[in-house]
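Trainee: Protein sequence lines, in the order shown, are assigned to chains A and B.
The first sequence finishes on residue 795 if you use the working numbering, and the numbering steps up by one all the way, no holes.
The second sequence finishes on residue 1386 if you use the working numbering, and the numbering steps up by one all the way, no holes.
Hint data in this document are derived by calculation from the structure and do not stem from the laboratory.
Ideal placement from N, C-alpha and C gives every residue a C-beta, glycine not left out.
One should not assume that every hint holds.
Heads up, incomplete: computed chain B residues facing chain A, CB under 8 angstroms, no partners named [to be verified]:
#1 ARG1227
#2 LEU1244
#3 GLY1248
#4 THR1255
#5 ILE1288
#6 CYS1307
#7 GLN1311
#8 GLY1313
#9 TYR1314
#10 THR1316
#11 VAL1362
Footprint (simulated), chain B over chain A, 3 or more residues, beta carbon under 8 angstroms [as the list claims (entries may be wrong)]:
#12 509-518
#13 705-715
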Amino acid sequence: MSPVVTPHTDLPDKIHGRTRYVADLHLPGELVGAILRSPHAHARIVSIDVSRALAIPGVHAVLTGKDVPHPAFGPTQYKDWNILASDRVRFVGDEVAAVAAETPEAAAAALNAIDVVYDPLPAVFSPEEALKSGAPVVHDEKPDNRPMHIKIERGDVDAAFARAAIVRGGRYTTNRIYQGHLEPIGVIATWAEAEGLTLITPSHIPYRARETYAAAFGLPEEKVRIQVPPIGGSFGAKYVHKAHLIAAALARAARRPVRIVFDRYEDMLTAHPRVPLTIDIRIAADAAGRFLGKDVTVWADAGARVYWSPNVLATACSRPDSLYHFGSVRAEGHLVYTNHSPTTCMRGFGNAEMLFAVESVIDEIAEGLGMDPAEVRLKNIVRKGETTVHGYRLDSCELEACVTRVMELSGWSRRKDLPKYRGLGMALGNHVSGYRGIDPRFEGSTAVARLRADGQVEVETGEIDLGQGMSATYAGIAARVLGVDPARVLVKSGDTGRYPFGIGTLASRSTVIGGNAVRLAAERLREALERFAEEALGPGARWRDGVAEADGKVYDLAELARLYRARHAGDVLEARASYTPDTDFPDPSFYGNPSPAYPFAAHVAEVEVDPETGRARVTGYWAVHDAGVVLNRAAATGQVVGGVAQGIGWALMEDLKTHSGAVQNLSLLDYRMPGMADVPPVVVEFVEVPDPHGPFGAKSVGEVAIDPVPAAVANAIAHALGVRGKALPLTGEVIWRALHDDGRAAPLMR
Amino acid sequence: MTEEVFTLRINGRTTRWTGDPLAPLADVLRDGLGLTGTKIGCRTGECGACTILLDGRPVMSCLLPVAAVQEMDIRTIEGLASDSRFEALADAMAACGGAQCGYCTPGIMVTLSAALQHPDWFADSGYEAALKNNLCRCTGYQAIREAIAQVQGGATSTAVAAPAGAGPAKEVASR
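Chain B on its own, in the form it takes in the complex (with noise of 0.2 angstroms):
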């Protein structure tokens, strides 16, 4: 196994991490750097459980080979948590129940971090494309969901399901 020296941009601060280029980031922040918010569902770049951000934009670490990635900023869940926005869609993640067993959660936050961030990427769509590469096995994704519509002001966009049992059922009937 090769071994170099890599200059990274994790959070905000510069790390230096000694390795094989062709590591997967996620195993360089989980088991070099013990940033276990980054989580590992199958590391074939299907479930997005291991989602970061590169230069802003969620990626899955698993599949990324740390010689990629150097220069760039790299956001680790660990790394949001100042955000006053992505703070304000934790509290209704919590409130609504928007994660159960939370195996998945981080990368789904780190996805919608972005989509905060950056909601132009997703305009079309709404966060039903963001969230496209993040599988939930426990919600159903419908608190999800109902989080994102709190911090949107409560104002349903198409994408966001009205809360279960909230809205009147006929509305819902009638659809």
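Same shape as in the complex, but just chain A (with noise of 0.2 angstroms):
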């Protein structure tokens, strides 16, 4: 049987513009809510007046701080949440009254109506100022802004240090992304006093919000459901928001169904953006190029309340030590809070940024020694059969082979040869399927799978597709076990109230950890087929490439569901099962096997830096994968190229500039993402080897793909031009300093 070949089963609706997002949607009844934001960066609410709002015709509702609860909640263990301020706004935009009316005019004339008077307060934006004693706190209850504060240390570094022939480093600092999904933020949120609340919002990890929003309301999880139709992007923006919870205290008060969709300004105002880091690191190599040690101290700026930041975060201070040997590591992390806008998820999280860091202190050791980069990558890279500094069991890795690969599809060695202003740039990734530090109670998936009565199998799955093909991929996974064309095969998704429980799409585990219980399911449906072909058809029946045999006849599924249904009273047979994976929960100093399956990737970036202007251009790129065995061509390359892309606009052009707090440039003219032009042909490559622990053999792609691309691209530069960016983005603009060397350039190139 072959492996899936349908990229996406729901493109031919989506080419078509027959698909219907959550903005595309409509209840009766259904109120526009609005939301009143702070435009100060940290202010005390003296007094908010809704008179005049509740006075214009079409308002039903007016809310503030007043008509909510105000338990402790959060999406984190950090319970520092509102649903609407109370006394404190902490940053521009933060939520302080919200309207639901008739007509998104009224809801406008209704926003403008509601008088609040600020008393601004001394506001902080950088983290290390935000460390300092007397800085303004942003929550009472952390007088010290720092809610999360990580130690790792294995080995003894300062020794290492003590012995290096070489040691290079330096301060590396990451930029604000906005995770730039084009389906804007939306929800619709209806109450009843039977079924509680219901959401219809594009939550990629719904099971986990409703959890956060039950709280909210202090209610039982079960009277939350949330309904998720597909997903316009999200890359990490939609999975809680409290634009969620704000239409859901609006149908509350106002007994009918409120719908709020963000205009662009909106969006980008509150998505919550990547979290910037700062990050001091240092590596020491012995003569050979022998990595001895790292050391890195990494400043989180969290915003002002905490959505994501704790375990993007945790992951800059460990995850690339699983791809190096680096002898020894130590690790300090603080995460901290800020007026700014907060700061959450964006695929690669955590991994990406310190991987930028990395991967250029790597090619500057390889410079000081006068080795090849890719040479020095290969001396100290981890293997198949290892187990990492952190505890990571790879039982599968491919890495070498992959940068071995990826050195002969980009030319590598052109490398010495390019003339100035061209560069070439390699950097390595590696990630997880899964994650089990996710939620502290388990990892694992629920899967059902079921025989239709027209034949066709149905595969339900509390995991999330977001447009990456996870559907596709189970619909393949599912047809491979019972023998079908995957085109017979339905997988639903997507329901908290109808569908199984599941932790959702994050951490890249999807395809392995959903995977893996849909093919169980299907596996239980198979043997249950085999059973009551015998039972139907007499004991000489026979199951083979999804049809029953007996007595020379041959029984397709339909026919088998048929007399399934008349033998059982009308019901149809069904299996349900669930996949745990053998992994352990990261102990407190973050030890632990955490995934069943790594993934890793080697990529090469070639630029061209124009000297008139400062641009560079990215103008080839290649990237190797180790994904185990590809069960969906197109949807695993389309992930990698899709990464790439992404990664080569956040190294070179994008940037959410602030200034006191507020965002300067929130509209996609201001904030330019790639286009069409910006992204050079991406050569994609697999090697494929069975992981053992994958569904036939499979790893994820989503994140890794995106993990080692800032850094290729920077490796790029630093190459084409003799100095190193150490500040995303590098723009024409900091390229063109650095190289005309004004003296302002300092801070941003070495």
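Build the complex from these two chains, which are given one at a time in their own frames, with help from the hints.
Mentor: In structure tokens:
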């Protein structure tokens, strides 16, 4: 049976404009919700007067902090959320009041008619400033502004640095990246006494979002239902969002469905970007280029509220240590409150940022030793069969093959002969396929496989398709187990009230964790079909390639389904299975094997810099991945190319520029994302060796695709110029200043 | 708000619509007429998700007041499906994985349909020029290029990249 061939079963509808996203849906009686946001980065709310807003015709509800519950809740262990601000606002865009009205015009007029008196407070915008004594305190419960402080050390780092032949490092900073989903954030909320709260919203982690929202309203989890329409891109932004809660509060107050759909301005203001990191790094090596030690200190700007930033920081402090043998590693991480808009997850979080620093420093070590950067990498990479410094068990690893293949594909040997202003840069990446540390209670997935009356197979999962092609991959897995055409398998997901509980789509977990559950459920369905064939057709019945045979006659699935229905009072044949990976919850020192399978990648970027404008253009890109056995080639390739494109935007052009806490470029014109002309041809190859734990040998690919990209592009630019950019993004202006060395470039380039 | 009655020619049918003359065509199509294939990404003419054809030319309907398009031929994604070259491109897009989340895809398909009908408009710089106003955050555009190459009979123009990993690697490396 061939592997999956259909890239995505939902594509014909998407291509013809027939897919209905949340903005395309309406409920009868629906009101328009709108949110009043703080213009101040930090201020005390002196008073709020909503009387004029309530008098506007068509306004059904006006809520302030006084009208909503205030339990301690939030999506992580740091319970610092509210539904609406009560006494203080902590960032520009913080939610102060909300209205529900019959028309957008009435809602806008009501927002304008709410009178808020603020008393501005001193604000803090830099994590390092926020840690100083006397800095403005963002949350009184954390007077040091530091909700999380990580220290990890393995091996004797100081001794390693003392005996090193070479030490390189410096300060690297990463930028505030907007996830850039083309579909703005949106939600429709309804409230009913018996059923509770229903949210129609494209969350890719709906069960966890449900827990957060239930806690906010003091409801049992079962009284919150999230229905997930097709997701128009997320990349981390749409998992959990205050707009969902505010729509829910409005629906409850107005007793009418309430819809909030952001415009691009509000989306960019509150989508909550990638966590900007400041990284001080040193790596020590011996004269042969073998690493002896790595020492990093990381400051993460959480903004004014904790979304998912603790996990980003923990990943930055640990993940690349399972890519190379550093000999000894030490990391200190500070998660710091500031008066910026909260920051959160985006594809490849933490790891891609730290790899930007690590891979840059590796190139500096190679240069210092007069070695080829690829050679230094090959001397230090992890390999199959090893357990890494933090306990990751690498039961498959084709990283060396990825490196040698990407060197061939990119023509790496021509690197030394490239003319000035052209450069080749390499970077490697690793990731997980699910991460045990996401949820202290469990990791795993549950799936149902059902034989429908028409002979089609229906698969239900708690995981979520967000356009990456998960459903098609699951259809392929079930089809392969059952010996049927993938087109005969329908995958359903995205309703917490209906489908199996699941953790959702994050940490690159859907192919391996959810895919294994689908495989197991399909296997149980096949076993049940074998038993039923014998029961219905006699002991001589045999099951083979999607059909049963008995007495020389062939019975297809539709006939078996009809027989089953007739013999079982109209019921359908279904099987349910859970997959629990053999992984460890990381201990307090972050040790343990957190994932069943680890993907790897080796990337090479080629750039050309225009010395007149400073603009760097990526002219070639090669990406070789160890994703195990590829189940869905078009989709996997699409994940890699899409990740590369996002990484190029990240490295060269994207940055939410802030001034006194306010983002200055809140439009797609002022925040430029890569267009077609910005993305070069990307050559993608897979080194396909089965992983023992993935379904049919597969591993993840979605996030490892972006992990090496900023570093590969930055290394190519450093090679082209002879000076290194240590602060992303490396825009034309930054590079031009470095080339013209007017003194102002110093903080940005070496 | 002033209300006026407009006669609109949409996808070959004549429709009457009553409302604000300054209402963006995108809202009229979506909310007034239920044609939700036209997507709203930014409302400021920057992303291309709301692209429609106006007398055959791709324009962003979020910037276009409905009063400006009376008597003109408006074609949305819903009105393109009968064209066989469009369907060939749609099949190629599905086969190549030219869409992921799909939100930008109708706008891209509308733009490309104009390019298919009038290749001379974009002759000098190929499809790159046609698609310069359509943002896609998922695909990195490569699968879209591959789909275009497929409907062009497999021939790759200067503007269309070779499929990923499909061509001899050395050719790419020595470009």
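Trainee: For each hint, tell me whether it holds in the structure or not.
Mentor: Each hint tested on the structure:
Residue-level restraint check for B/ARG1227 is violated (minimum Cβ-Cβ distance to chain A is 22 angstroms; threshold 8 angstroms). Here the hint on B/LEU1244 is broken, as its CB sits about 13 angstroms from the closest CB of chain A, past 8 angstroms. Satisfaction of the interface hint for B/GLY1248 is found here, the shortest Cβ-Cβ separation to chain A being roughly 2 angstroms, below the 8 angstroms cut-off. Against a cut-off of 8 angstroms between C-beta atoms, the interface hint on B/THR1255 holds, since the closest Cβ of chain A lies about 6 angstroms away.
Proximity of B/ILE1288 to chain A holds as hinted, the smallest CB-CB distance being about 3 angstroms (cut-off 8 angstroms). At a threshold of 8 angstroms, the smallest CB-CB gap from B/CYS1307 to chain A is about 6 angstroms, leaving the interface hint in force. At its closest, the beta carbon of B/GLN1311 sits 4 angstroms from a beta carbon of chain A; the interface hint therefore holds under the 8 angstroms criterion. Given hint, B/GLY1313 at the interface with chain A, holds; its Cβ is 3 angstroms from that chain's nearest Cβ, closer than 8 angstroms.
Taking 8 angstroms as the C-beta cut-off, the interface hint given for B/TYR1314 holds, the closest approach to chain A being about 3 angstroms. Taking 8 angstroms as the C-beta contact cut-off toward chain A, the hint placing B/THR1316 at the interface holds, the least distance being around 5 angstroms. Annotation: interface hint on B/VAL1362 violated; nearest CB of chain A at approximately 13 angstroms, more than 8 angstroms. Interface restraint, the region 509-518 of chain A with chain B: holds (4 residues with C-beta to C-beta distance below 8 angstroms; minimum three).
Beta-carbon proximity to chain B at under 8 angstroms applies to 3 residues in the region 705-715 of chain A; the threshold of 3 is reached and the given coverage holds.
Checked against the numbered hints above, the structure breaks hints 1, 2, 11 and satisfies the rest.
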